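S.K.: Since the structure of chain A is already known, use the hints to place chain B on it.
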Amino acid sequence: MRQPAAIVAAVLSLLLVSCSSPEPVDLGAGGSGNLVAAIAGEPDQLDPQKTTAYFSFEVLENVFDTLVAPDENLEMRPALAESWETSPDGLTWTFRLRDGVTWHDGSPFTADDVVYSYRRIMDEKLANVDKFSAVTDVSAPDPSTVVISVKQPTPNLLTNLGGFKGMAIVQRENVESGEIATRPVGTGPFSFESQKSGDSINLKANPDYWGGAPKIDGVTFRFISQPSTALSALQAGEVDWTDSVPTQRVDQLASDDSVNLSQIPSNDYWYLALNEAREPWSDPRVRQAIAYGIDRDAIVQSTSYGTAVGNQLAIPEGNPWYTPYDTYSYDIEKAKSLLAQAGASPRTLDMLVTSEYPETVTAAQVIADNLKPLGITVNIRTVDFATWLDEQNKGNFDMLMMGWLGNIDPDDFYYAQHHTDGSSNAQKFSNPDVDRLLDTGRIEIDRDKRKADYAEAATIIADQVSYIYLYNPSVIQAWSTGLSGYDARRDRAIRFKDAVLADSGE
Amino acid sequence: MASVPTHPVARFLARRLAYSAVVLVGVLIVVFALVHLVPGDPVRIALGTRYTPEAYEALRSASGLDRPLVEQFFGYIGSALTGNLGVSFRNGDPVTTILLDRLPATASLAVVGILLALLIALPAGIWAALHEGKISDAIVRITSQFGVSVPDFWMGILLIALFATTLGWLPTSGYRPLFVDPGGWLRHVILPALTVAMVAAAIMTRYIRAAVLEVAATGYVRTARSKGLPPRVVTFRHTVRNALVPILTITGIQLATILSGVIVVEVVFAWPGLGRLVFNSVESRDYPVIQGAVLLIAVLFLLINLLVDMLYAVVDPRIRLS
Numbered sequence: 001m002r003q004p005a006a007i008v009a010a011v012l013s014l015l016l017v018s019c020s021s022p023e024p025v026d027l028g029a030g031g032s033g034n035l036v037a038a039i040a041g042e043p044d045q046l047d048p049q050k051t052t053a054y055f056s057f058e059v060l061e062n063v064f065d066t067l068v069a070p071d072e073n074l075e076m077r078p079a080l081a082e083s084w085e086t087s088p089d090g091l092t093w094t095f096r097l098r099d100g101v102t103w104h105d106g107s108p109f110t111a112d113d114v115v116y117s118y119r120r121i122m123d124e125k126l127a128n129v130d131k132f133s134a135v136t137d138v139s140a141p142d143p144s145t146v147v148i149s150v151k152q153p154t155p156n157l158l159t160n161l162g163g164f165k166g167m168a169i170v171q172r173e174n175v176e177s178g179e180i181a182t183r184p185v186g187t188g189p190f191s192f193e194s195q196k197s198g199d200s201i202n203l204k205a206n207p208d209y210w211g212g213a214p215k216i217d218g219v220t221f222r223f224i225s226q227p228s229t230a231l232s233a234l235q236a237g238e239v240d241w242t243d244s245v246p247t248q249r250v251d252q253l254a255s256d257d258s259v260n261l262s263q264i265p266s267n268d269y270w271y272l273a274l275n276e277a278r279e280p281w282s283d284p285r286v287r288q289a290i291a292y293g294i295d296r297d298a299i300v301q302s303t304s305y306g307t308a309v310g311n312q313l314a315i316p317e318g319n320p321w322y323t324p325y326d327t328y329s330y331d332i333e334k335a336k337s338l339l340a341q342a343g344a345s346p347r348t349l350d351m352l353v354t355s356e357y358p359e360t361v362t363a364a365q366v367i368a369d370n371l372k373p374l375g376i377t378v379n380i381r382t383v384d385f386a387t388w389l390d391e392q393n394k395g396n397f398d399m400l401m402m403g404w405l406g407n408i409d410p411d412d413f414y415y416a417q418h419h420t421d422g423s424s425n426a427q428k429f430s431n432p433d434v435d436r437l438l439d440t441g442r443i444e445i446d447r448d449k450r451k452a453d454y455a456e457a458a459t460i461i462a463d464q465v466s467y468i469y470l471y472n473p474s475v476i477q478a479w480s481t482g483l484s485g486y487d488a489r490r491d492r493a494i495r496f497k498d499a500v501l502a503d504s505g506e
Numbered sequence: 001m002a003s004v005p006t007h008p009v010a011r012f013l014a015r016r017l018a019y020s021a022v023v024l025v026g027v028l029i030v031v032f033a034l035v036h037l038v039p040g041d042p043v044r045i046a047l048g049t050r051y052t053p054e055a056y057e058a059l060r061s062a063s064g065l066d067r068p069l070v071e072q073f074f075g076y077i078g079s080a081l082t083g084n085l086g087v088s089f090r091n092g093d094p095v096t097t098i099l100l101d102r103l104p105a106t107a108s109l110a111v112v113g114i115l116l117a118l119l120i121a122l123p124a125g126i127w128a129a130l131h132e133g134k135i136s137d138a139i140v141r142i143t144s145q146f147g148v149s150v151p152d153f154w155m156g157i158l159l160i161a162l163f164a165t166t167l168g169w170l171p172t173s174g175y176r177p178l179f180v181d182p183g184g185w186l187r188h189v190i191l192p193a194l195t196v197a198m199v200a201a202a203i204m205t206r207y208i209r210a211a212v213l214e215v216a217a218t219g220y221v222r223t224a225r226s227k228g229l230p231p232r233v234v235t236f237r238h239t240v241r242n243a244l245v246p247i248l249t250i251t252g253i254q255l256a257t258i259l260s261g262v263i264v265v266e267v268v269f270a271w272p273g274l275g276r277l278v279f280n281s282v283e284s285r286d287y288p289v290i291q292g293a294v295l296l297i298a299v300l301f302l303l304i305n306l307l308v309d310m311l312y313a314v315v316d317p318r319i320r321l322s
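So the protein lines, in turn, are chains A and B.
According to the working numbering, the first sequence is numbered sequentially starting from 1.
According to the working numbering, the second sequence is numbered sequentially starting from 1.
Honestly, the hints are just simulated from the structure, not real lab data.
It should be emphasised that the depicted structure is a prediction, and the values quoted were computed from it without experimental measurement.
Where is the CB? At the ideal position from N, CA and C, for every residue including glycine.
Do not take every clue at face value.
Part of the chain B face toward chain A, derived, beta carbon under 7 angstroms [as the list claims (entries may be wrong)]:
| id | residue |
| --- | --- |
| 1 | Arg90 |
| 2 | Asn91 |
| 3 | Asp101 |
| 4 | Ile157 |
| 5 | Ile160 |
| 6 | Ala164 |
| 7 | Thr165 |
| 8 | Pro171 |
| 9 | Ser173 |
| 10 | Tyr175 |
| 11 | Val267 |
| 12 | Val268 |
| 13 | Ala270 |
| 14 | Pro272 |
| 15 | Arg276 |
Excised from the complex, chain A in its bound form (with noise of 0.2 angstroms):
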């Protein structure tokens, strides 16, 4: 018994050396100057071309360019582009091309880079291939310049561009050799230096920067899916900045002094639809019935505890597309009057959710607890996402609740969803007039005329029942007081590239 007991004593004395140590904890690889970020999860590859994990592009961000890029306010800026012009008839861009940027193997940068990006895309019909829909052909005349041809005018197209990293300029040799999925190579601000599978990516600040050197030294970005664990990393000092935020804490940490929290509606939507092609929800008088039905309330704050905001439309307010609609109201009577003018009587009413999207199932149960004094039992019939996407593209469901994320441009919002032949119109709503305003505001260069248009179109949209809209999700994020230089956007980008971190010695 001799030895178990020396060993015994031998891990006693280390833990006892190792909770003695005071000293702050050591925060392992990178720089001593990296700003250290809490993601909920590991990114499944870093193509940004090819991933479609939000993981990943919190990461991408900070190592890639678009063409243009938004501002915080959602219009296209210049980046790898310096500036650009559009011919009268609206069916050229030419693109002028920033000089001496140069990829982080140090090679430089040129317009054959952006040909052979928007090339893949479109050849390889990569997941981002639709915003190409209007492309017909993309050239480089010259080392900086390219020049991109539309069969319509195209209003959108800069949106298209560079609303989202999966738009991003990448390097034909990095994409070649393979190894773009785990040691991509951008013209960000920061390079992709290492990752630890499980635990972390380091990023290195990219000193030769188009937009100037990051006053850090990286970005060391953690895999923490436990928002308590986030958050506790984040108050001991241990990680600069989080997403992962658990939402009944949020009312907590907005008084709390010692953490920065944001708390900004997004441009995502979460929405319920009826299916059309079946009776009795055909009749728009029923799907308004169902509209005046739910307790959107209640809903906002059993899906987020209250963060969510609240909306009868896509678009948030303080987007420059907004558009203020507030017809419906929580009222059992108006909706059963307009269940008797449709002569309607529905028993049942089978709603499609998906575990992938806790939301759709906890909205579900307010939801048929809202129907019963309709009458209406609410069978929710969860599944897993795949299946859900089955379901849906089948039409078998009477109604499902779903959102859409990352949208900026209006068309985006309403043309695939809405048009007659949408190619995401589950519903199979169709409504001549929405049709029309929809493919005018496509090409409608004139921006308030436009915006009267989508107008028109998302008011009709919402009378008419073809979505349920229901709130914008907020992005919440929480930061040290450490950390400035750094403000959370309504597109959930992830910009590390201005950020400034204060002398980490207390």
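M.R.: Frame of chain A; chain B shown alone:
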């Protein structure tokens, strides 16, 4: 067939090895069948929103799912036995590399966790058995009931709140490799290992108490006592020594349980181990990684069982000689 080993220990081990091999074949069949048993088309499910007919065909042929079933089966067994477990659906990395990347973190957690658990459970279990029916026995039993009942994620969150956020003694989460940064490794491993150890220790304490009680009731212990041997000698040489076999068994089971991925604890502590890998792979339907991880866990289970069997023979001459 080589000659049958004649030494009893060798024969014992040979039987155990053969048994493990049979189990391994069974595991391989189950792991292979996994992809074919899940409802729906695994390739379609893995692609999710990224689905296009081209991507579907590419992934289907890359993963070999377009070949005949029998060919796939022998192909899988053949490459699995040579250490090739295919590539991840997510990013094309070899599954073997991914698993080996994650093994050290989980092994650290398991070894430190089981040591801490033994440190708690051995004295507590023996103490409770020697004071059976007394108040200290009741305290140990109630505490262990408590330890079994408290969910591990809750325990983890409480430990983080106390030792990391409030006292600032230890980091909240994360991992450092032992051979790169030993001090960092130890500081990071303590809280997750303690969480794992609390649950394991609670279970082990009850087993150890029962095992010691059983031995203490036997005639030779009474004889030893009546011979006037000092209580310490009776306890350790006669009682605990004879209770070692069941103690080894429960320790082996607990070690294997921790190694097979304490998913929740790894998620709470952002620990880059096998449990979190399985969790993420299930979320993203990365079948090759799930298959590989299940296989690795099964092999670890078999190895630990084999080790425990060998230790039986070391601590108990009756097993070695019979």
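S.K.: Hint by hint, note whether the structure agrees.
M.R.: So, going through the hints one by one against the coordinates:
Satisfaction of the interface hint for arginine 90 of chain B is found here, the shortest Cβ-Cβ separation to chain A being roughly 4 angstroms, below the 7 angstroms cut-off. Interface hint status for asparagine 91 of chain B: upheld, as the beta-carbon distance to the closest one in chain A is roughly 4 angstroms, under 7 angstroms. Below 7 angstroms, beta-carbon pairs count as interface contacts, and aspartate 101 of chain B has one with chain A at about 4 angstroms; its hint therefore holds. Hint status for isoleucine 157 of chain B relative to chain A: holds, with the closest Cβ pair at about 6 angstroms, below 7 angstroms.
For isoleucine 160 of chain B, the suggested interface contact is upheld, since its CB lies about 5 angstroms from the closest CB of chain A, less than 7 angstroms. With a cut of 7 angstroms, the hint placing alanine 164 of chain B at the interface with chain A holds, because the nearest CB-to-CB distance is about 5 angstroms. Annotation: threonine 165 of chain B was flagged as interfacial toward chain A, and the flag holds, the nearest CB pair being 5 angstroms apart, inside 7 angstroms. Look at proline 171 of chain B: its Cβ gets to within about 4 angstroms of chain A, closer than 7 angstroms, so that hint holds up.
For serine 173 of chain B, the interface hint holds, the least distance from its beta-carbon to any beta-carbon of chain A being 5 angstroms, beneath 7 angstroms. Using the Cβ-Cβ criterion of 7 angstroms, the hint placing tyrosine 175 of chain B at the interface with chain A is satisfied: the shortest such distance is roughly 6 angstroms. The restraint placing valine 267 of chain B at the interface with chain A holds, with a minimum CB-CB distance near 6 angstroms, inside the 7 angstroms limit. Taking 7 angstroms as the C-beta cut-off, the interface hint given for valine 268 of chain B holds, the closest approach to chain A being about 5 angstroms.
For alanine 270 of chain B, the suggested interface contact is upheld, since its CB lies about 4 angstroms from the closest CB of chain A, less than 7 angstroms. Interface restraint check for proline 272 of chain B: the shortest CB-CB distance to chain A comes to about 3 angstroms, inside 7 angstroms, so the restraint holds. At its closest, the beta carbon of arginine 276 of chain B sits 6 angstroms from a beta carbon of chain A; the interface hint therefore holds under the 7 angstroms criterion.
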